[in-house]
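Undergrad: What follows is each chain in one-letter form.
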Amino acid sequence: MKILVAVKQVAALDEDFEIRADEKDVDEDFLLYDLNEWDDFSLEEAMRIKEESPDTEIEVVVVSVGPDRVDESLRKCLAKGADRAIRVWDDAVEGSDAVAIGKMLAAVVKKEAPDMVFAGVQSSDHSHASTGIAMAAYLGLPHAAVVADLKYSPGSNKATIRRELEGGILQEVEIACPAVLTIQLGINKPRYASLRGIKQAAAKPIEAWGLGDIGMSASEVGEASAMSRVRRMYVPEKGRAQMIEGTIAQQAARIIEIIKEFKGA
Amino acid sequence: MTNPIEITRILFEDFQPQTIHLFYAFGYAAIAAFIYGTYTQIRKYRRGKADGSWGELLCRFWDMVKTMGTHRTLVRRDKKAGRAHALIFFGFVLLFIGTSTITLEYDILAPLFGVKFWYGNFYLWFSLVLDIAGFGLILGLLYMMYRRKWMKLPKLSYARLDRQPGDPDFDRPQYRREDWAFLWSFILIGITGFVLEATRLVWLSGRPSVWDYRMWSPIGAALAHTMQAVGLTPEGAAALRPNLWWFHGLLSLTFIAFIPHTKIKHIFTAAASLMFKDPLAGRRLPRVPDDQKSAGYKTITDLTWKNLLHLDACTKCGRCQEACPANAVGAPLSPRDVILSLREFANNTLNKKELPKEAELDIHGKDVGQVFMETLWSCRTCLACVEICPVAVEHVPIIVQMRRNLVEQGEMEPLLEKTLQTIHKSGNSFGESKRKRAAWAKDLSFEIKDARTDPVDILWFVGDYASFDPRNQKVTRAFAKLMNAAGVDFGLLFEGEMNAGNDVRRVGEEGLYEFLATSNIQSLSDCDFNSIVTTDPHSYNTIRNEYPDFGGSYEIQHYSTVVKKLLEEGKLKLKKKLDYRVTFHDPCHLGRFNKGYDAPRDILKMLGCELVEMGRNRDNSFCCGAGGGRIWIPDPVGTVKPSQNRMKEAGVIEGLQVFVVSCPKDLTMFEDALKTSGYEGQFVVRELIELIDECMDYPEEVVEKEVVAESE
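One line per chain: the protein sequences are A and B, in this order. According to this note's numbering, the residues represented by the first sequence are 1 to 265, in order. According to this note's numbering, the residues represented by the second sequence are 1001 to 1712, in order.
Hints were generated in silico from the structure; no laboratory data involved. Just so it is clear, the structure is predicted and the values come from calculations on it, not from any experiment. Keep in mind that a hint or two might mislead.
[As the list claims (entries may be wrong)] Below, a sample of chain B positions facing chain A; criterion: calculated Cβ distance under 8 Å:
1. Ala1295
2. Glu1408
3. Gly1410
4. Glu1417
5. Gly1511
[What the hints assert, rightly or not] Mimicking DSSO-like on lysine-lysine, the simulated pairs with C-alpha atoms at most 30 Å apart in a straight line are:
6. Lys1418/B - Lys204/A
7. Lys199/A - Lys1565/B
8. Lys204/A - Lys1298/B
9. Lys238/A - Lys1565/B
10. Lys1434/B - Lys24/A
11. Lys1293/B - Lys238/A
12. Lys1605/B - Lys1565/B
13. Lys1357/B - Lys50/A
14. Lys50/A - Lys1366/B
15. Lys1366/B - Lys151/A
16. Lys1648/B - Lys1079/B
17. Lys1434/B - Lys2/A
18. Lys50/A - Lys1425/B
19. Lys189/A - Lys1298/B
20. Lys238/A - Lys1434/B
21. Lys1449/B - Lys1425/B
22. Lys1418/B - Lys189/A
23. Lys1293/B - Lys199/A
24. Lys1293/B - Lys204/A
Backbone N, C-alpha and C fix where the C-beta goes; we use that ideal spot for every residue, glycine too.
Kindly produce the complete structure, drawing on both the sequences and the hints.
TA: See the structure below:
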């Protein structure tokens, strides 16, 4: 029994960041990296299934596409209890879009042949919300997005899930397994990875795979093969907020004035 | 004149040989029970982990003798109880030595070598000293009985804040029974001893070698005269004596047999606990060995033998509970009950012949005898308990070790978890960018040196609160101006500084602490400086006491010491005096942790302030509630905070104008508490630096000259 969890190392912005000179991205100096918040939940879901069935041998494998720095996030996953970690990278992958990453992950899944695949609903930095589903599409596996609840006993050929829809509605779905599920925040309470745990996880190896290991070529990935490209990244101009001061009566008068202004009276 | 050899006490006179043999049989049985009990106790301690406190045994022994001889730790904050204990202690020691000398002569020296010394003057002095000792013992015990029965001291109540009435371990009536059994049996031994002595005197009133010297045992003699007055004849006494003799003898032997099995064992465990006391307990927390799989204490066998010994030393006196700020505001923590829970747990599991299964050794949980996580998280690690414990129990290191396990299991407040992650990510608890660490210095009219590039005399380790908290930044700027005006050659680490880790370590996140400490030590080792100064007592403590364990030994001073010296040397000149009526709050980490009581008070005096002490001051200072990472854990809504409790204490000082603190966290906690406890407008909370700043006036040219000097 094997559960594969696809994770991503995301970037958070430091305060007072600057945009790169070519205006395509934020200057790398102002980025702080950490594991994507959604992935904390999808890994926890895998760990929950593993720990609730102590009699079944369940292997939790975390996979990520990214450069060396991603090892730090994978170690955090190992510290939380993942059994193996795989990092796929080739310099040619730089600039790939979410669909290409999904294709690479699908290739890993084919090789690993897990019984269940989890990914986060989206990443907090780029928010495409498409990598997991692209992976499912390449695999031709049943899939469900924005999963807020999961009932699954290891080895079973189906699972019952609840998906989060608009307006607080939940949709209960039965899905055939293996399946690809993108996991929503709040499905569980992710555990804390103590720093000692992370340090000790450094002893566990992280498997570094190249494109060759997953049977892909450089032409399938990278900026050239991407279906979209970034034209410009910028900070939009601030809105016109203003503080209204004075007595209550003065403030009220001013608000009426503004409303009238907007109505064009 | 009686032959001195005849002046002695009769032993076993008129006893049948069988009776004597029977008595010896009881004696050996008592000794056997004592030895077996001692063996099981030692076996229990040996089931704990190793501890390196074996060094300098002679020194340790001598310190213990001094502490016990002076009863220093026992008279603190409870003079009467301490003195009563001294009467019992010294009475018992003398009576024990007395009885031992009889055994020495009667059972060893006389039969083996024919040596006798227990007669004549020696005997007379012996009986006088022992009479006084016995009298003192009874007086001491009477006071203790009175205290337990009628004084209704909250610290002597066994009702627990962390359990509900009806829980099997809520108020532990067995402790009360044991206390009374101890007091009664002890006092009965003393009383029957005197009655027996008096009976012997009456019985042998016809024998000059006894009767003529009766005044050498004054209590016995007084009692004998009373007995005669009520009509006791020598024959009557002779008939009474054997029964009394057996009662007294068997009670004493039972007492000895019970020593290792009951609270009486504190005679030995308290002494040993004092002997193995760690002078840096809580100030320097133990490291986790790199090869140890999990951090902290999960099972009772994770405790060291020294911890287990400390558990047994506790005499339930309740002084720790009385001093505990968490307990004072109704939080589910009594340091005493943590110790007692663990003690019961150890006795129930480790006294068995075979160790129970691992699962039965888990000390965390909600069952009887287990320690609740709410209890552990209530601790402020302020060391009030460790500091006052008369028998050197070290509560805080045990609590932190248990928290380390909770942290590893993720059993903590979500907000605390977030803060720890923030500190890991950004190096400070505010989640601010590293770049902003010295942003407070922007508006100064002079530039502060970067210690990473320029050699400095004093390196200023600023700390998180002083760097990022807007209110504290004002104080930080004022201190920079002071140092600049005094011409001190100082510099900062700027973004090379991280949270010092003191509180992270006390939370129990040891891995994160190691990361912070080693990062800071790395930054410091790249700089050229003579000593460190800080305005933050928390940083001060960990750099001073804990960084050496990670290879960073530095000379570090709290600002109060530095400023005091600058004032004394005239490098800082006060332009005016303040005539405020002030009180001073000792920060735990400066005062109790590092004995920095005097410098802030001396400065207040130099400033011209009138200092009125609060009831709890210096070593008994009352924690603001922010220690041990509690500043990152919100107090439950509707509960009184320790800081508010403290405000009430200050509020009763007539005409108080300023509540002076010397710690950034104190400033935050108490300014908040001032508002919430309704004293706003009555007095203000100020950092000592702000008061000094008030007495300075910085002439423009000084500032300009500095700026010029900087640009040269």
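Undergrad: Does the structure keep lysine 189/A and lysine 1298/B at a Cα separation of 30 Å or less?
TA: Status holds; Cα separation ~22 Å.
Undergrad: Under the criterion that the straight-line Cα-Cα distance not exceed 30 Å, is the pair lysine 199/A, lysine 1565/B satisfied?
TA: Not satisfied, since the Cα-Cα distance of roughly 44 Å exceeds 30 Å.
Undergrad: For the restraint on alanine 1295/B, tell me whether the closest CB of chain A is nearer than 8 Å.
TA: Check passed: Cβ of alanine 1295/B comes within 5 Å of chain A, closer than 8 Å.
Undergrad: Is lysine 50/A close enough to lysine 1425/B, meaning Cα to Cα at most 30 Å?
TA: holds, 29 Å
Undergrad: Are lysine 1357/B and lysine 50/A close enough, with their CA atoms no more than 30 Å apart?
TA: holds, 24 Å
Undergrad: Given the proposed pairing of lysine 1449/B with lysine 1425/B, does the C-alpha separation stay at or below 30 Å?
TA: Status holds; Cα separation ~27 Å.
Undergrad: Are the Cα atoms of lysine 1293/B and lysine 204/A separated by 30 Å or less?
TA: holds, 14 Å
Undergrad: Would the pair lysine 1434/B and lysine 2/A pass a check requiring their Cα atoms to be no farther apart than 30 Å?
TA: violated, 41 Å
Undergrad: With chain A as the partner, please determine if glutamate 1408/B meets the hint condition of a C-beta pair closer than 8 Å.
TA: holds, 5 Å
Undergrad: Grab the minimum C-beta distance from glycine 1410/B to chain A and call the hint holds if it beats 8 Å, violated otherwise.
TA: Holds: closest Cβ of chain A sits about 4 Å from glycine 1410/B, inside 8 Å.
Undergrad: Need the status of pair lysine 1648/B, lysine 1079/B: alpha-carbon distance at most 30 Å?
TA: holds, 26 Å
Undergrad: Has the given pair, lysine 1418/B with lysine 204/A, been kept, meaning a C-alpha gap of at most 30 Å?
TA: holds, 26 Å
In the structure shown, a violation is registered for the earlier hints numbered 7, 9, 11, 17, in ascending order.
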